[in-house]
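S.K.: In the order they appear, the protein sequences are chains A and B.
First residue of the first sequence? That's 1 in our numbering, and the numbers climb one at a time after it.
First residue of the second sequence? That's 1 in our numbering, and the numbers climb one at a time after it.
In short, the hints are calculated from the structure, not lab data.
Heads up, none of these hints are tricks.
What follows is a set of in silico ranges between Cβ atoms, one per label pair, in the way DEER data are often shown:
| id | chain 1 | residue 1 | chain 2 | residue 2 | range |
| --- | --- | --- | --- | --- | --- |
| 1 | B | E402 | A | M76 | 52 to 62 Å |
| 2 | B | I165 | A | N259 | 48 to 58 Å |
| 3 | A | M76 | B | E225 | 28 to 38 Å |
The C-beta atom is built at its ideal place from N, Cα and C for all residues, glycine as well.
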Amino acid sequence: MNKIIYKEQLSKDVFLMRINAPRIAEERRPGQFIILQTDEDYGERIPLTIADADTDEESITIIFQVVGKTTTALSMMLMGDYLPVLVGPLGKPTHIKNFGRVICVAGGIGVAPMFPIAQALKDAGNHVSIIIGARTKELLILEKKIKKIADEFIVCTDDGSYGRKALVTEPLKELCESTQKPDMVIAIGPPIMMKFCSLTTKPYNVFTQVSLNTIMVDGTGMCGGCRVSVNNEVKFVCVDGPEFDGHQVDFDNMIARLNAYKSIEQQKQKCFVEKTFKQKEELV
Amino acid sequence: MSHLSAEELSLKAKEVIVQYIDKCDTLKQKERTKIPAQEMPTQDPFIRRTNLNEVAIGFSEEQARIEAMRCLQCIKKNCVDDCPVGIDIPGFINKIAHGDFESAAQIIKQTTLLPAICGRVCPQETQCQLHCAVGKALKDVDKSVAIGRLERFIADWERKKGKRILPEMKPPTGKRVAVVGSGPAGLVVAADCKREGHHVTIFEAFHKLGGVLRYGIPEFRLPNEIIDKEIETLNEMGVEIITNFVVGRTRKLMDLIEKDKYDAVFVGTGAGLPVFMGIEGENLVGVFSANEYLTRANLMHAFEKDKADTPMFSSKKVAVLGGGNVAMDSARMAKRFGAEEVFVLYRRTENEMPARKEEVQHAKEEGVEFHFLENAKRIVGDDHGCVKGIECLRYELGEPDESGRRRPHEIKNSEFIVEVDTVIVAIGNGSNPLISQTTPQIKVNKRGNVLVDETQKTSMDRVFAGGDIVLGAATVILAMGEGRKAAASINLMLAKETESETKKKMYTVSDM
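One chain only, chain A, in its complex shape (with noise of 0.2 Å):
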């Protein structure tokens, strides 16, 4: 059992948690995602990735969207409830070392992610290019926290309500073109996203680097529900990755493999969502 100990809602769906787990506090690093579950017996489980973590207060900081049941149900949990079952850190850690000029694009939530791993390239020396975007500006999160770590920094919305009018791909390109040529990429964010990133490099031959949340039930190498092709390889995003070459990922294949539930999962969200409505109103 872990106390959430502070709660926080970032925009109109994404909210921030910082969860008392001193064990996973002191073993995590940067790239490294936890599983939950909101119910120990009929709960699912869900993989999110580690955004933060403090020794001193042992605790980790988690960031998600609502977007199904599980999310649901734990955006309405409040500080002092404590979550049935956290595991983690899982998979394996970013590899950090001084590769010279790195750009870090994160689009949507894919910031919170992307926070440590900025951090620790900044802190071993790495001069950092940050591009994050959303749809538009309410969606936009951590931006003043980000751009701190930022020797260059890029905001760009799909509407234009804020910053550039542009998806991240404009400044990502425009990047890879100029002088000083990128000696590494890092995309975070929804699947599409990262899949265009990874296009928009390749002519460009800058190794991008992507973090893939994919379906998973244990997250310990156990069921294969997780797995995607890179390289025409079978590799399983729990114990192999999550980060991987988004050159070689088959990013269709991994839409079409998170989708495989959507209809269900929006029928239980909306059963959830209506049934919870029904109980407040007789409480009222």
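With chain A held as given, fit chain B onto it using these hints.
M.R.: Relative to the frame of chain A, chain B by itself:
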């Protein structure tokens, strides 16, 4: 054969037992072999394919006593020799024949902690029942005394009585043992080390205990309630249980010894790495490892659609690849989830299938079809990346290979496509690589199995291993046998240390 209900079988047994009850000790061997072998009562196949309740219901008291009277009480006990944990089989069966179930339970408990589980999932036909004299006399191994069913009968009888006999435990030694993984091997080690008075902690990666017993073996073969009861016993014995803890990730194995001061570690992390066939289309939507399919159904309760958040892929036509017990479990589970058509693809014939006969029989009764001498060549997808069919090849059997089974050869140009929307791959499991990846001190072979010596000790000081992580995917009872051996080695090592520490103390005291 028409299906006889439990009530009918019980009534029949009540009639039959009258002939033998007074002659329990005086029956001649020939008479004993003529006693009718008792049929295991099962749920009606048409009803059970829609529920997860246990298929085999268990003997009635009369059935158990009749079955027990078939035992010849041989002097040379082949059955005991063939049991990996050496249960006194004729001993407990004799007690059942006399209706003394409590004594039977005590005899079983001397050697095994988990009779309710072993009685259900052990492959008795290749172990204790293989060389049974009754089976030999009747020239049919299936006519051997039903040792497993009798073991289960006693375990269930004891559980229903609500009596739990805790094994005797020695006073605390102050030594600490860490057990990594709570599958059958780990559970045995925990119990055996706790009995010696050591402090025992079980670390489990999942939120529930039992390992493969929980996530792998379906409720209809091994109800969760039974696993819970066995674990309650450990709890009552004072074994510390920590769930949601992945040794290697949450804590390095080395740290358990160096920082957390465990005196010994047992690694029983199992064969949890699904093997795929390496054929085209294996990543399509609708292709599952048996591990994933069964874990969703068992551990995550996907069968209870209204309550469970973990969904199950909805299937109409399912192909299961493989011929072992896991393939049978997957096929039967798919039926229960409402698939209209489920077939098992196996490249040899029924005779070579590694699955237990009983499981194959049950699968057939439930409407699972078998396509023998066929194998998958590629999985065919539609425009959306979902499974729409499976391309198969026909096979024929050639000369026997090193395992003694006739080697299958593909028939050239025999490809054909069958329409399916789901494929479950159940061709085996490799060793879970987490411990070896994060603990380089532990030596493994090229298949990733942990290497141990004859005492189950690994190449790392104070670390022992057993079960599927050593054997590769094997059986529950073999894992338990290895656990028993490892626990004995751990107990011996710790006893020696205690002895030398005591001596040292004595010297220090006398020096003063």
